[in-house]
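Undergrad: Below, each chain spelled out in residue letters.
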Amino acid sequence: MVSLRINGQELDLDISRDMPLLWALRDLVGLSGTKFGCGVALCGACTVHLDGRAIRSCITPVAHAAGKNVTTIEAIGETPSGKKIQQAWLDLEVVQCGYCQSGQIMSAAALLASTSNPSDADIDAAMSGNICRCGTYQRIRAAIKSAAQTS
Amino acid sequence: MGLERRLNLNLSRRTFLKAGAAAGGGLFIGFNLSEAAAQPNVTNGADLFAPNAFVRIDRAGQVTLVMPQVEMGQGTYTSISMLIAEELEVGLKQVALQAAPADDRDYRNPLLGLQGTGGSSSVRAMWDPLRRAGAAARLMLITAAAERWHVDPASCRAENAGVVHVPTGQRLSYGALVDLAARLPVPRNVPLKDPKDFRLIGTPAKRVDTPDKVNGKAQFGIDVKIPGMKIATVAACPALGGKLAGVDDSAALAIKGVSQVVRVDDAVAVIAEHMWAALQGLAVLDIDWDEGPNARVSSADILRQMEAASHKSGVVARKEGDLAKAMAGATTRLEAVYQAPFLAHAAMEPMNCTVHVRADGCDVWVGNQVVGRAQATAAEVTGLPRDKVIVYNHLLGGGFGRRLEVDGVTQAVKIAKQVDGPVKVVWTREQDIQHDAYRPYYYDRLVAGLDEQGLPIAWGDRITGSSIMARWYPPGFKYGLDPDAVEGAANPPYGFPNILVEYVRHEQPGMTTGWWRGVGSTHNIFMVESFIDELAAAARRDPVEYRRVLLGRAFDLEAGLDPAATAPWSGPPPDPARVRAVLDLAADEAGWGAALPERRGRGVAVQYAFGTYLAQVAEVSVSKDGEVQVHRVVCAVDCGMIVNPDTVKAQIEGGVIFGLTAALFGEITIRDGRVEQSNFNDYRVLRINEAPTVEVHLIKSSEAPGGIGEVGTVGAAPALTNAIFAATGIRIRRLPVKDQLRSS
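Sequences listed follow chains A and B, in order. Sequential numbering of the first sequence, starting at 1, is according to this note's numbering. Sequential numbering of the second sequence, starting at 1, is according to this note's numbering.
Looking at chain A on its own, in the form it has when it is part of the complex (with noise of 0.2 Å):
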């Protein structure tokens, strides 16, 4: 039995300790919304919160999340940052399949939640390891500085 808290709700789950987050996440609690991409932590559509930080969930055992908070792109907009993220993204349009999108956010989310006021630099740290096939990424970029501006 591993037990996990995901978006602030106690879970006890019979699966097997190194089973990856990811897989707990969308076959087992049925979070669909955090994304299989790659399998191999290369492209970020799997991002999660820790304990606030930013992680790969398709290579994280649940071992590991046992005793920390998870969270996902289904209550990130309960957040601060990740609300201010989640309007920005609306407002500036970023979203075209949106496939990458939950990961792009979580991504964005933790970078603003430590960051309040990024630079290029900080942006591009945070958000290299998130792939957009679409390409959304400069709207990426001016989404977070203008949720950034939001007060």
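No wet-lab data here; the hints were simulated from the structure. We treat Cβ as the ideally placed atom computed from N, Cα and C, and that holds for glycine. Some hints could be false.
As the list claims (entries may be wrong) - Cβ-to-Cβ under 8 Å is the rule here; a few derived chain B residues that face chain A: (1) Gly73; (2) Arg207; (3) Val208; (4) Lys213; (5) Asp223; (6) Ala347; (7) Gly397; (8) Arg429; (9) Gly654; (10) Val694; (11) His697.
To be verified - Once the Cα atoms are required to be at most 16 Å apart in a straight line, the calculated EDC-like pairs of lysine to aspartate or glutamate come out as: (12) Lys256(B) with Asp51(A); (13) Lys700(B) with Asp584(B); (14) Lys217(B) with Asp51(A); (15) Lys417(B) with Asp265(B); (16) Lys206(B) with Asp646(B); (17) Lys417(B) with Asp363(B); (18) Lys624(B) with Asp739(B); (19) Lys93(B) with Asp197(B); (20) Lys217(B) with Glu74(A); (21) Lys93(B) with Asp212(B); (22) Lys312(B) with Glu507(B); (23) Lys225(B) with Glu273(B); (24) Lys700(B) with Asp646(B); (25) Lys206(B) with Asp91(A); (26) Lys83(A) with Asp212(B); (27) Lys738(B) with Glu690(B); (28) Lys68(A) with Asp51(A); (29) Lys256(B) with Glu78(A).
Following the hints, put chain B in place on chain A, whose structure we already have.
TA: Coordinates of chain B only, in the frame set by chain A:
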């Protein structure tokens, strides 16, 4: 000029509207572009098709649009909805969308020949029929209100989902009028709104699909959850065209959560409770492959064979004048071989398909660009009649042409036939990259002869590569000429008095090739715009100025063009004045001609593709180590009338990044019959820290709409490589750029 192509865009095309009472009350409007409309001599084509319900309005006034075009990020759900909302006088938010069921006949996209989204065709296909459907419904509702009030319809106006009697201010909502309207005859010659009266079309309306894409609610094919569903992952034979010989599945079956191992002719699937168990099972399968006849093939072999094939004359796409004679008499002769590699699509959502096969029917859940074909393949594999196969289409996590294939559906149905209950088949990223329908390798021989002024009097282009059309849509592959393979090469916007464009078909057995964003234009315009740049350099002229001169020459742009050489999605013949306008705007906004530091340069590419004119200027710098940095790409676009200007900008921004990624890094190579690349470590893509800013300048136009989904990608490579030439003097004739600039 091809009859099909001429008919694509103009508003006089005949559209057959039908209307009537919807089941459960309300009004439906249906329409088809019948076969008859494609041959104007035939007059009773309306009887060939039953109307389908494209638009329904119910007694509560809810407008539902049955959406035949799929949403893969290009904004169709919004732009297509805007067309109906405008004419029907309802707000965009009042239009509910329902993905169209599978029906290649009723939902046929006239620019593709089947139910499909691709070829940058959605707005062009729907622009006229959907507006007419909305206008017809509007007129019927007004007429119904006028009847109810016993007033002259001319004194009534539709607005805000209702009809108002202007003199008295009386109002009835659409919901109250639909049943009466449904009994009225369908009006003929429905007047469309004057563009100056548009309140929605032409505005940057907020997209309807994005809110759920920022909060995790949006459902892609991969997110489907059906009660009792198993999850499967697959290993297909890595050797091109190889088969499964056998598999020892004992270790896989011992994994907790694995319920079954299923075999199909060229793959093994592990069926499990969750993806983790399936992946663990996959890792311990002991598979014996029958690698087949292509197990020794390498990229070097393929290239050698293509080069040999390129020496033969090909099927003629365009012939005017006498190329050989003109070349012999030219003051300066240039010749070059240009190459573009095999490319994978690597959409962010890996290929997946969920299927439930039962004795009496089959359900398919997927995100796909050709839903009718998905239904057809499921019917074929199961032996069920087509009407027993239901396809539930979803948002696509990237299409780019990959999802114009149904290979994943075929495989999933074959697997599901052996599984009780529904099964979701999800490919790993490695399988996705190694079992793609690749953009073909093209090997082009270009020649040009210049006169004493340095202007071209002779132009020859022989294109060698796979024919996607021959496999994907055989009726489009006429007597060996593939219009896609020569698109962008057979009728460039520059006229030449002597021109010869040929196509030599060459296939690599076992390798499936397919549509990749920008299709024929993407590789051909790289060749054409790069070689034009070489001509400019030989003539010692500025590349922008040289193009201006060529665009101003009065040669017939279609002389000698074979009618089968143009694809239905290509649009009408190019207008050099419109090319010139985007060239001038892009050059101006890019500051063309202003001084740049050493090892920094600008490159230009112009294009006419999918009915749209685009020019892009890339500004790059190249380090001493040969690292390329793209600083900025300035684009000017004329796509005729614009439905949603923000979507146009976004598509070009994204399309340029997609094209640059491929031009810089994209390459699929073969060794021992296998694709060498596997994941984003060795199939590299641009990331945010490397991506340039893309500026898009829109030209206001009242011409018919052109396509937009692919155009940004088309000119990205030549703009890049021409800029590299300006920065370093090094001419890139083979993509990707990758390590070619590193000093040895």
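Undergrad: Please go over all the hints and tell whether each is borne out by the structure.
TA: Outcome of the hint check:
| no. | hint | in the structure |
| --- | --- | --- |
| 1 | Gly73 | 3 Å, holds |
| 2 | Arg207 | 6 Å, holds |
| 3 | Val208 | 11 Å, violated |
| 4 | Lys213 | 3 Å, holds |
| 5 | Asp223 | 4 Å, holds |
| 6 | Ala347 | 6 Å, holds |
| 7 | Gly397 | 3 Å, holds |
| 8 | Arg429 | 4 Å, holds |
| 9 | Gly654 | 4 Å, holds |
| 10 | Val694 | 6 Å, holds |
| 11 | His697 | 15 Å, violated |
| 12 | Lys256(B) with Asp51(A) | 30 Å, violated |
| 13 | Lys700(B) with Asp584(B) | 15 Å, holds |
| 14 | Lys217(B) with Asp51(A) | 23 Å, violated |
| 15 | Lys417(B) with Asp265(B) | 13 Å, holds |
| 16 | Lys206(B) with Asp646(B) | 9 Å, holds |
| 17 | Lys417(B) with Asp363(B) | 12 Å, holds |
| 18 | Lys624(B) with Asp739(B) | 12 Å, holds |
| 19 | Lys93(B) with Asp197(B) | 20 Å, violated |
| 20 | Lys217(B) with Glu74(A) | 7 Å, holds |
| 21 | Lys93(B) with Asp212(B) | 14 Å, holds |
| 22 | Lys312(B) with Glu507(B) | 15 Å, holds |
| 23 | Lys225(B) with Glu273(B) | 12 Å, holds |
| 24 | Lys700(B) with Asp646(B) | 14 Å, holds |
| 25 | Lys206(B) with Asp91(A) | 9 Å, holds |
| 26 | Lys83(A) with Asp212(B) | 14 Å, holds |
| 27 | Lys738(B) with Glu690(B) | 14 Å, holds |
| 28 | Lys68(A) with Asp51(A) | 6 Å, holds |
| 29 | Lys256(B) with Glu78(A) | 36 Å, violated |
The earlier numbered hints that this structure contradicts are 3, 11, 12, 14, 19, 29.
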